[in-house]
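As they're listed, the protein sequences go chains A and B.
One point on numbering: in numbering that gives the first Met the number 0, the residue at position 292 of the first sequence is 291, and numbering is uninterrupted.
One point on numbering: in numbering that gives the first Met the number 0, the residue at position 329 of the second sequence is 328, and numbering is uninterrupted.
No wet-lab data here; the hints were simulated from the structure.
We put the CB at the ideal spot given by N, CA and C, even for glycine.
Misleading hints may appear alongside valid ones.
Said to hold, decoys possible - Just some of the chain A residues that point at chain B, by a computed CB distance under 8 Å:
id	residue
1	Gly292
2	Gln318
3	Arg422
2 protein chains.
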Amino acid sequence: MTDKSSLRVGVIGLGTVGSGLVRTLQRNRDRIARNAGMPIDLVAVADINPDTFSRLDLAGIETTSDAGRIIRDERIDCVAELIGGTGIARDIVLDAFRAGKDVVTANKALLATHAEEIFRTAEQYHRKIHFEGAVGGGIPIIQSLYGGIGAATVTQIHAIINGTCNYILTAMEKQGRNFRDVLKEAQKLGYAEVDPTFDIEGHDAGHKIAILASIACNTAIDFKDVHLEGIRDITVDDIKFGKELGYTLKLLAIAKDYQDSIDVRVHPTFIPNENLLASVHGVHNAVYTCAPGLGAVMLYGRGAGDLPTGNAVASDLIQAARDKTARQPVSYRNFYEKRKPVRDMANIEGSYYLRCIVADQAGVLATISHILGEHNISVSSMMQTEAGKDGVCPIVFMTHNAREGNVKKALDKIARQDVVKARPKFIRLERIEEVTQF
Amino acid sequence: MTDKSSLRVGVIGLGTVGSGLVRTLQRNRDRIARNAGMPIDLVAVADINPDTFSRLDLAGIETTSDAGRIIRDERIDCVAELIGGTGIARDIVLDAFRAGKDVVTANKALLATHAEEIFRTAEQYHRKIHFEGAVGGGIPIIQSLYGGIGAATVTQIHAIINGTCNYILTAMEKQGRNFRDVLKEAQKLGYAEVDPTFDIEGHDAGHKIAILASIACNTAIDFKDVHLEGIRDITVDDIKFGKELGYTLKLLAIAKDYQDSIDVRVHPTFIPNENLLASVHGVHNAVYTCAPGLGAVMLYGRGAGDLPTGNAVASDLIQAARDKTARQPVSYRNFYEKRKPVRDMANIEGSYYLRCIVADQAGVLATISHILGEHNISVSSMMQTEAGKDGVCPIVFMTHNAREGNVKKALDKIARQDVVKARPKFIRLERIEEVTQF
Numbered sequence: 000m001t002d003k004s005s006l007r008v009g010v011i012g013l014g015t016v017g018s019g020l021v022r023t024l025q026r027n028r029d030r031i032a033r034n035a036g037m038p039i040d041l042v043a044v045a046d047i048n049p050d051t052f053s054r055l056d057l058a059g060i061e062t063t064s065d066a067g068r069i070i071r072d073e074r075i076d077c078v079a080e081l082i083g084g085t086g087i088a089r090d091i092v093l094d095a096f097r098a099g100k101d102v103v104t105a106n107k108a109l110l111a112t113h114a115e116e117i118f119r120t121a122e123q124y125h126r127k128i129h130f131e132g133a134v135g136g137g138i139p140i141i142q143s144l145y146g147g148i149g150a151a152t153v154t155q156i157h158a159i160i161n162g163t164c165n166y167i168l169t170a171m172e173k174q175g176r177n178f179r180d181v182l183k184e185a186q187k188l189g190y191a192e193v194d195p196t197f198d199i200e201g202h203d204a205g206h207k208i209a210i211l212a213s214i215a216c217n218t219a220i221d222f223k224d225v226h227l228e229g230i231r232d233i234t235v236d237d238i239k240f241g242k243e244l245g246y247t248l249k250l251l252a253i254a255k256d257y258q259d260s261i262d263v264r265v266h267p268t269f270i271p272n273e274n275l276l277a278s279v280h281g282v283h284n285a286v287y288t289c290a291p292g293l294g295a296v297m298l299y300g301r302g303a304g305d306l307p308t309g310n311a312v313a314s315d316l317i318q319a320a321r322d323k324t325a326r327q328p329v330s331y332r333n334f335y336e337k338r339k340p341v342r343d344m345a346n347i348e349g350s351y352y353l354r355c356i357v358a359d360q361a362g363v364l365a366t367i368s369h370i371l372g373e374h375n376i377s378v379s380s381m382m383q384t385e386a387g388k389d390g391v392c393p394i395v396f397m398t399h400n401a402r403e404g405n406v407k408k409a410l411d412k413i414a415r416q417d418v419v420k421a422r423p424k425f426i427r428l429e430r431i432e433e434v435t436q437f
Numbered sequence: 000m001t002d003k004s005s006l007r008v009g010v011i012g013l014g015t016v017g018s019g020l021v022r023t024l025q026r027n028r029d030r031i032a033r034n035a036g037m038p039i040d041l042v043a044v045a046d047i048n049p050d051t052f053s054r055l056d057l058a059g060i061e062t063t064s065d066a067g068r069i070i071r072d073e074r075i076d077c078v079a080e081l082i083g084g085t086g087i088a089r090d091i092v093l094d095a096f097r098a099g100k101d102v103v104t105a106n107k108a109l110l111a112t113h114a115e116e117i118f119r120t121a122e123q124y125h126r127k128i129h130f131e132g133a134v135g136g137g138i139p140i141i142q143s144l145y146g147g148i149g150a151a152t153v154t155q156i157h158a159i160i161n162g163t164c165n166y167i168l169t170a171m172e173k174q175g176r177n178f179r180d181v182l183k184e185a186q187k188l189g190y191a192e193v194d195p196t197f198d199i200e201g202h203d204a205g206h207k208i209a210i211l212a213s214i215a216c217n218t219a220i221d222f223k224d225v226h227l228e229g230i231r232d233i234t235v236d237d238i239k240f241g242k243e244l245g246y247t248l249k250l251l252a253i254a255k256d257y258q259d260s261i262d263v264r265v266h267p268t269f270i271p272n273e274n275l276l277a278s279v280h281g282v283h284n285a286v287y288t289c290a291p292g293l294g295a296v297m298l299y300g301r302g303a304g305d306l307p308t309g310n311a312v313a314s315d316l317i318q319a320a321r322d323k324t325a326r327q328p329v330s331y332r333n334f335y336e337k338r339k340p341v342r343d344m345a346n347i348e349g350s351y352y353l354r355c356i357v358a359d360q361a362g363v364l365a366t367i368s369h370i371l372g373e374h375n376i377s378v379s380s381m382m383q384t385e386a387g388k389d390g391v392c393p394i395v396f397m398t399h400n401a402r403e404g405n406v407k408k409a410l411d412k413i414a415r416q417d418v419v420k421a422r423p424k425f426i427r428l429e430r431i432e433e434v435t436q437f
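Full structure from sequences and hints, please.
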């Protein structure tokens with residue numbers, strides 16, 4: 000641990016990301032050494048499945064099925080925890096700190112749910128932790144928030160940070176295919192898990208936005224306070240109607256800092272077609288930040304995959320190497336010291352896409368408009384298509400700024416009208432206006 | 000200089016960027032201190048024009064018209080050189096190193112033309128230099144190349160890094176207005192200088208891509224070897240024809256690393272409409288990088304302006320503060336140690352947009368196609384519009400991969416044909432394909 004001429008690393012977990020890390024360290028050894036100011040040496044790797052060892056070139060590197068050996072190895076400066084989850088991974092990270100080792104990890108679930116314990120323990124043992132791979136795969140968002148845009152107070156984040164959902168929504172939009180169809184295809188191609196719940200319901204994006212919001216909004220966040228809505232109920236029609244009115248549908252992870260409180264939420268969202276996020280397609284991810292003064296900064300790239308995420312973890316090792324010579328550590332106290340209240344969804348304000356299925360008869364539009372007016376909801380544009388043989392037709396509204404509680408009350412009342420044939424539906428809309436001045 | 004509890008800064012030059020820096024440091028003081036691990040204290044500012052002092056809140060900060068006072072001030076750890084140019088600015092930076100001070104600067108011209116002297120002197124005096132503001136204003140591209148994507152070997156950069164040109168091209172594209180008109184408007188709005196040559200002819204973008212290419216391609220670059228072509232000759236018709244064939248016109252700064260040689264060039268370029276760069280409009284900038292393994296990463300934001308660039312310089316001060324406690328410095332030897340040859344433009348390969356004005360008569364297409372074939376140029380798509388009253392019409396070709404030397408020879412021969420009524424024109428085309436594997 001006193002050798003300052005190289006950073007000696009032990010990797011625990013040789014799955015997708017672990018393998019990507021090992022290959023990246025080997026392939027880009029010279030560049031990494033130059034940027035780190037010293038070589039980064041892979042000393043040992045651990046995985047419970049010995050088959051993984053044969054898939055990589057591990058000549059000269061110790062292999063073991065016992066993670067504890069890595070943690071106890073006196074030669075190792077830094078442990079890469081890449082097994083994921085919040086069980087064993089948590090023990091490994093805490094034990095590594097206690098053993099005097101720094102940690103790099105790509106474990107978003109662990110950081111979103113055990114941030115306080117992890118960061119307090121790191122501080123207690125004067126160890127460092129880096130986690131670029133936890134959000135947005137190969138996109139350098141974490142280091143930018145602490146570094147390259149670290150002089151700005153980011154007050155808004157709008158992010159596409161789940162590749163599975165973005166792949167599905169892009170295919171629905173471009174090919175007009177329905178959700179189930181595209182999901183099946185995504186599963187075949189490996190873009191969606193056999194059990195896709197974690198991605199489709201917004202949990203994965205929720206973990207990631209909790210981490211980003213903690214940094215940007217300078218606050219602890221309980222993951223259970225993050226409002227999560229997935230994309231299961233999105234239809235091709237919704238996407239089509241929105242498009243005609245000038246909006247593209249994305250699963251957005253959103254964080255907004257109002258200083259005294261914050262918004263943190265994940266839900267399907269219409270955004271203006273002209274916003275750059277609307278052009279982020281397929282499995283790609285993007286994080287769009289706004290800060291007074293700095294204005295908009297967007298970072299785009301591959302949000303998952305062995306090599307992109309392996310690259311991110313390797314970039315953390317570059318940080319760890321630079322830190323080895325007593326660099327002033329970044330403070331992670333934002334993850335636990337202060338806790339701003341998360342706004343209740345009824346109190347958020349925004350614009351909305353409202354869709355009603357109504358009988359094709361006189362007075363319907365007046366009835367609905369009247370109810371919206373009663374609830375302080377004003378309409379920015381609307382669209383009605385011709386009724387089918389069943390005599391019903393969809394009618395779509397885009398609203399100006401309104402309070403969500405009012406929108407829900409209005410929709411409850413609209414649902415009770417005889418002329419309304421199905422429970423009305425709403426999708427939130429973000430205009431994402433760029434703030435350029437303080 | 001031995002006080003490790005704060006970073007003490009002197010600013011030389013209170014123009015646009017200097018003022019933006021001061022306001023950013025004041026406005027975001029707490030966040031900056033947290034990310035830097037210590038407060039950043041503004042000790043003194045220098046400007047030859049004392050009027051600048053009254054425009055800022057400088058209570059408790061020393062003001063002087065003598066830059067030398069800042070350099071000699073024993074209290075100051077780090078000098079922010081923000082006067083620009085390659086004359087006095089060069090002396091200031093070198094003197095600051097000799098006086099034992101670190102430097103932050105946004106001076107692209109200085110770094111693009113005196114890199115070796117600047118970086119060697121820094122190394123000689125064991126001082127550090129940071130320059131996030133030199134490329135892309137508020138976009139954190141420099142720190143990302145050294146940090147967040149610093150484990151990747153970036154082999155291609157396609158960048159929109161001149162806001163003036165992007166503003167003009169966007170207005171020409173969206174509003175169908177001609178170059179001169181839009182330029183005049185841009186000058187009125189302050190997006191273009193009274194003498195716009197430096198921006199319009201590609202010099203500014205050339206300085207910036209020289210810096211980015213030095214880092215990404217790990218090589219010294221003589222600025223005079225950077226091929227520069229501006230946007231003066233672009234017509235609304237070119238933009239329109241390209242659009243119909245699926246391409247958007249941008250002034251791109253391009254760097255490609257072939258290991259044994261490099262491409263570094265700035266010129267008007269057609270790119271596929273689907274590429275994210277095609278959606279970067281107005282004064283915004285974006286840097287699109289590709290690296291084997293990592294794939295594409297794009298960073299987008301405001302490429303100029305007081306507060307965006309001031310933010311970038313402030314983020315460099317965060318680095319300087321972290322470095323204060325003996326962090327391993329990044330190596331800048333790439334800027335002078337190795338020198339890869341820059342490819343001659345005749346030897347670059349790419350696709351091309353070719354436009355000829357021809358007589359509307361039989362056999363013209365065959366004549367031109369034959370000449371293209373003779374020079375190993377194959378056509379991917381073409382377009383001919385109806386002839387006007389003068390009996391001539393434009394005919395446009397998009398080619399597959401071809402060698403530029405051959406394209407020029409073919410165009411020379413086409414120009415000599417009787418049926419061709421004006422010197423044919425070419426614009427380069429980049430397909431920007433993403434590399435995702437090693």
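Right, here's what the structure says about each hint:
no., hint, result
1, Gly292, "4 Å, holds"
2, Gln318, "7 Å, holds"
3, Arg422, "36 Å, violated"
In summary, the one numbered hint that this structure violates is 3.
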